[in-house]
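Visitor: One-letter residues, chain by chain:
4 protein chains.
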Amino acid sequence: MFNIALFGAGRIGQVHAVNIANHPETNLYSVIDPYLEGAQKLAIQYDAVIQSVEEAMADPAVHGVCIGSATDTHANLIELAAQNGKAIFCEKPIDLDLSRVRDCLAVVKQHNAPMMVGFNRRYDPQFRQVREQLSAGVIGKAESLLITSRDPSPPPAEYSKVSGGMFRDMTIHDLDMARFIIGEDPVSISAHGSCMVDPAIGEAGDIDTAVIVMNFPSGAIATITNSRRSGYGYDQRIELHGEKGLLQAGNVKENLVQHWGEQGCISAKPQHFFLERYQAAYIAEWQRFVDVLAGKCEPECNGYDGEQALVLAEAALEALHSGKTVSL
Amino acid sequence: MFNIALFGAGRIGQVHAVNIANHPETNLYSVIDPYLEGAQKLAIQYDAVIQSVEEAMADPAVHGVCIGSATDTHANLIELAAQNGKAIFCEKPIDLDLSRVRDCLAVVKQHNAPMMVGFNRRYDPQFRQVREQLSAGVIGKAESLLITSRDPSPPPAEYSKVSGGMFRDMTIHDLDMARFIIGEDPVSISAHGSCMVDPAIGEAGDIDTAVIVMNFPSGAIATITNSRRSGYGYDQRIELHGEKGLLQAGNVKENLVQHWGEQGCISAKPQHFFLERYQAAYIAEWQRFVDVLAGKCEPECNGYDGEQALVLAEAALEALHSGKTVSL
Amino acid sequence: MFNIALFGAGRIGQVHAVNIANHPETNLYSVIDPYLEGAQKLAIQYDAVIQSVEEAMADPAVHGVCIGSATDTHANLIELAAQNGKAIFCEKPIDLDLSRVRDCLAVVKQHNAPMMVGFNRRYDPQFRQVREQLSAGVIGKAESLLITSRDPSPPPAEYSKVSGGMFRDMTIHDLDMARFIIGEDPVSISAHGSCMVDPAIGEAGDIDTAVIVMNFPSGAIATITNSRRSGYGYDQRIELHGEKGLLQAGNVKENLVQHWGEQGCISAKPQHFFLERYQAAYIAEWQRFVDVLAGKCEPECNGYDGEQALVLAEAALEALHSGKTVSL
Amino acid sequence: MFNIALFGAGRIGQVHAVNIANHPETNLYSVIDPYLEGAQKLAIQYDAVIQSVEEAMADPAVHGVCIGSATDTHANLIELAAQNGKAIFCEKPIDLDLSRVRDCLAVVKQHNAPMMVGFNRRYDPQFRQVREQLSAGVIGKAESLLITSRDPSPPPAEYSKVSGGMFRDMTIHDLDMARFIIGEDPVSISAHGSCMVDPAIGEAGDIDTAVIVMNFPSGAIATITNSRRSGYGYDQRIELHGEKGLLQAGNVKENLVQHWGEQGCISAKPQHFFLERYQAAYIAEWQRFVDVLAGKCEPECNGYDGEQALVLAEAALEALHSGKTVSL
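Protein chains in written order, with UniProt numbering: chain A, 1 to 328; chain B, 1 to 328; chain C, 1 to 328; chain D, 1 to 328.
The hints are simulated quantities; they were obtained by calculation from the structure and are not laboratory data.
No false leads were mixed into what you were given.
You can't tell identical chains apart in this list, so a pair holds if it fits in one copy or across any two.
Cut-off 27 Å, straight-line C-alpha distance, at most; resulting in silico cross-link-like pairs (DSSO-like, lysine-lysine):
| id | residue 1 | residue 2 |
| --- | --- | --- |
| 1 | 253 | 141 |
| 2 | 253 | 92 |
| 3 | 41 | 296 |
| 4 | 92 | 109 |
| 5 | 92 | 296 |
Generate the whole structure from the sequences, applying the supplied hints.
Guide: What follows is the structure, encoded as structure tokens:
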């Protein structure tokens, strides 16, 4: 049984808390959050203790840390955990600043700390099935990947600033997905964007509608279509074209009931947002981290992956502003 | 080029007129209808002559007849055509009275007249595909057939009388379809019905909602589900379960566009009624009759098929009233 | 927190064990099984004790019993639990003999014991959605219900005897589903069956392919299509036609990935069998029992429902053998 | 009745011949093709005469011309037809050279000749439905369009030269589709391509896999995904995202039968290629030209549209080679 210290008792912290507690090999040992009321609620619910950052890091009973706190605390907590010999699971991003990310990863490397970055979609059973069928040769060599990712509704315009903007916050998942599916690092990237959903987002210097295209060494091309508002729930699909055919992973609907009537045939919307759609992914992701803790396997989505996704987000931003394809 | 005399210039006559005229090997030679205005309209449109029944039957230029007139004229016209050496295409039913049907078929047999009965659905590309995949062994031996057949909206209650009631008028197509798919004559039939759609239909002694079950010599079971009103267009589906799997032929929709929005995912209704849904079937059916005219093949849906469908409709009626399975 | 004594450590007992343990308001207190090794395995896994039937029934710490033992033990255990003031959750059937069921329910009634019978499919999110949309008036009045239920592969022929045959073992779920969806007790039933899958099943006096039709007081008709072998996984669908349209609950597939290639478009099979397909249903069912334990609601699927499903299974058997519709 | 002179008796000429002959208001009057055998075959089949270019242009009985001959004859024939007062239907492209196109259109304008360019996909019932639902406000303002267009298999490498390359030959349809759906001329275009399907195509200086992105004045973004080989038939889909939701027009399959079996659920491939998929589109396109001939409406897809599609194809080529977004 591995004892886990959970940093952050907010929305994503609560997702991890359930999964840590339900997993037969992990124990939610402690909760750390400057907002004490939130920490207490989780601690009581799962019979955990409350600790300070220092206590948790120094506590020899803690085997691993799960970092789901505010983005600007990630890099520090990672470094402390690495220095204290804890296995590290950290929500994306490591940091919004690339040089800070690199410094942090150097510390992780120096202490040889096992570290996994939370690109949860890699563990979505649908997307993983696409990756596995590609590996099994079902469609031959990958040629063209299309990732559709649309949020149900836009965040407040001010969120653009704290989140680092659409590419660093939202598209970063799709950039990682492209690397995961194609299995290569891209050689170039271009980006197109506009502000169609909320003018306030544009005034804040961000976009809400985008298309990003990447070329890969094998010749494969990946296209990402993003919007901050779908109008029909969380739109999360991928489509991979290869030598011998196509693999499509469609949306997961709220239910499978169809109603035929005057209006036609109506079926349910996609599951509303990431908490619903990626529930199974979060569980599978945690299983992977437990396997890392147990020494059964390497982290699949590691610091390098976290760094590369940010590298691509920054290059996409440069391409958007310059109107030129950026070489990587 | 075969010259065709068309009996009946109403709705179904017009369907056949187009197909006769468009087929490169048939010519719409004459139109016969006591309602002269209708006959004239068709005759002008397709450059045909107007004839009386006697003229058409006596005219040596007429190679084949297409009978789409009122039901109670079918048997007479068939007999006249057989006696005059014409090839016969007749819309279902031959007659609503079984002994009349048998007398008529005896005349057809005596004159060795090629005759095809218009169970158009046998020529629907979807249903035929099911039959062909069964023949090709795709699902092994047939075990359980489900036919769903629902009209978009009920006929006037008084139509129950002239049509011979739901089983003789509507279900008869499904009874023929079961024989066509399974490829056997059933050994028993049972029926269940109620009047759910329009009380006036019940007052006229008919039903509007029904389930019919047939057992076949091979052990296969066929189930027919009928309603006089769907609420969503013309519902025409079949599902065939066999040793090694299932074949499903779904509805043909008005278009293939899907709209994802607040309400969910909406796609179009099934094509409205038989003129739309079975347009391709009517064309393929006519092609088959042309092949019969050309001596290339036997009528696939012949007098025996017409008789058997009526036998089953009557047995279903008996089963409905007695609450007992009727042996055939 | 309610303490639960689990009777039966076999396949279905293990399903309940997980759900009891994972539910925040129930505790897997004890396991009872004459096969001690199985009981021990479960007890260790969930930190429960092993008890004899007598110990569990006499133990005041036990709030409720979950009966998942062999069918012929159900009625006795129910009576003992009722006499000892425990809330009762029992897998279907109560007993294969109707008079034994009635005696047992009399005891339950006498002691006013809360009792729920495990017709798990009522809690399937898809089927429940159909029931709820019907209640919400989405399709108006129910007119025709179709239940498709096919197992992936047949049981051994000898199972026919211990299980009471296909109708009492398998169809009984569909008979209950029809009552659940339509919300009435049927007035008549007829049945058609054959042995298409395995001749040994026929030699054992049972069937493996069936169609059952029921009429309800409202005029609604329900049709059940059963097979002991699908060839494509567990086929569990319902289709409800009403005044204003149709509701369809399709199969839950193993995944949502489609592969387009030379052969066409291939998507995954339905989930293999009941453990996969009804996983969510078992959890929801247990939630309902917890609500009953907490006094928040009445058992939704009670002794009467258990009795009626068996009454229908026996009437279906009579109808099958007599070839007559049986009035209820 | 309008008399039509058909230029070109090859594959596309034969498509138009049937539609001209079947339309109640047009008559296939003459066929013109330097390959006399082909011209004769068509002429006999449809009871038309054979003419030389000069004869047809000079013949006052000819009301309209249908140009389906080799690409390098289009511009000349258009000019001759305009000078001789014929209504013009011409297959795309007008010419592969933009200045030749402009000269040709100047002649058409000078003679005020009605002219329609054959971008047949505009008349596909599925795509038109998307355009109409957009116009009807179903999804609000258009924001992001995705056009998927993949041929079933690549042309011979040498075809790259005569066809002007993938963008001028294949993508040109998608460029026109984007203008048709969005209803604006784009302000910029970028392009990405590689040679994944056949190295000989790359050696011939062309590509076979591409992604093109266009920005429109309204802020809308259109993305085109192309491949010269699908592996599963002709892949022709569009997906339009707007303020209030999504419209998807999927592929038209060869049939609607699904087979559930050991492998999963298999449905048919998309219709094989353009002759099958766009059969209805060609008929609707011809109906539009007849309406133009009858003076009922303006050409919907005119010389300007033909020119603009080529402008976009050339700009895409420039963008591909420069790695820069090209402003228009």
